[in-house]
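Chains A and B, in that order, give the protein sequences. All the letters of the first sequence, read from the start, carry residue numbers 1 to 205 under full-length UniProt numbering. All the letters of the second sequence, read from the start, carry residue numbers 1 to 205 under full-length UniProt numbering.
Accuracy of the hints is not assured; some may be wrong.
No copy is singled out in the list; a pair is fine if it fits within one copy or between any two copies.
Capping the alpha-carbon separation at 27 Å, the derived lysine-lysine pairs in DSS-like fashion look like this [unchecked claim]:
1. K6 with K56
2. K162 with K17
3. K56 with K24
4. K162 with K24
5. K36 with K24
Don't read these hints as lab results, they were simulated from the structure. Predicted model, so just to flag it, every value in this text is computed and none were measured.
In case you want the letters, here they are:
Protein chains: 2
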Amino acid sequence: MNFSSKLLEDAVGEFSKLPGVGQKTALRLVLHLLNKEQEEVEHFGNAIIRLRKEIKHCNICHNISDHNVCEICTGNKRDKEIICVVEDTRDVMAVENTSQYFGVYHVLGGLISPMDGIGPSDLFIDSLVQRVATTPVKEVILALSATMEGDTTLFYLYKRLKDFQIPITTIARGIAFGGELEYADEITLGRSIVTRVPYETSIIR
Amino acid sequence: MNFSSKLLEDAVGEFSKLPGVGQKTALRLVLHLLNKEQEEVEHFGNAIIRLRKEIKHCNICHNISDHNVCEICTGNKRDKEIICVVEDTRDVMAVENTSQYFGVYHVLGGLISPMDGIGPSDLFIDSLVQRVATTPVKEVILALSATMEGDTTLFYLYKRLKDFQIPITTIARGIAFGGELEYADEITLGRSIVTRVPYETSIIR
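Only chain A is shown next, with the shape it has when bound in the complex (with noise of 0.2 Å):
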């Protein structure tokens, strides 16, 4: 692209680094803030900046936070025994949202994949099996993606913690509310068929 000026060429490469902005996009962004007031772009700009210097990683849970231990750690309606082990805060966010969930998290930072060579190590793994050994837990709720990533990380984890003797539980798997069957694929149908649940226990309350 030919740009008429250095500033403008500038922000539209910064914008095009993020993930799924092409240039045109870039361009598009820009010249939308370049139409905004001076003080809401510098609010936009000051966000991002402040974010990144600011922003601190919750010691217990490993969740964004704006402290050193998170509000959901230090929320005395939670119940600190029961911990829910998920990928990341966006899955923190997701089991949030549900409003069905009232015991506390622990955010792995990734799952494991050889593949792009994240190993357990990378992960706050050793944290959770600290926890889980110092202090007192009755359930590990294992909330990862059903993917093959998900998969492995689920079974290294349940190899960690098994000699705990404490319940090992994963989220159920099955036809999503709403799905349709002829449109499931037939691992998912057939597993919800092998996992059956009694009526009573399906009911939405």
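Following the hints, position chain B against chain A.
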């Protein structure tokens, strides 16, 4: 969404104000930035702030520029007597990318659009007329989109400029290179037959 951090919420909020960016995309972009080096993120934020603060518009053609007069208007290889009138800076880039045009530009800053409350006085039309009246001009090329607003603006500009007795041209409309006749709309195809050109002039040199 349940954010575990005010800083995170702020940054996601700012990103999701951008056109075409929803909350989920905003979150993905922000988490991507969180994984970057602090220096890189600061550069990103500052590029945006500086852009809005320091950007100028060329005093002659109103294109975005780092200087009071843009590089095209000061370029000594450009024919200052041919003015290409375009809607915005994106169109300047598009024409520049063709490497087929060596005149100068005039950026209107939009198109006449009564539906959006944009009238001739909101655009740099008076300054175009002024330019034509006070500097030697041998051709005005109207390179506007082939939309309702583009045609309205075209007609208005033609009315304002026709008394200066200089050639006023518009860019050619027709079937795009690589375009198949059977998929062309009838108006374009019809006009392209009516405004047919000698074979020799249709060859790309």
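Looking back at the hints listed earlier, which ones does the structure fail to meet?
Hints 2 and 4 are the ones this structure does not satisfy, whereas the remaining hints hold.
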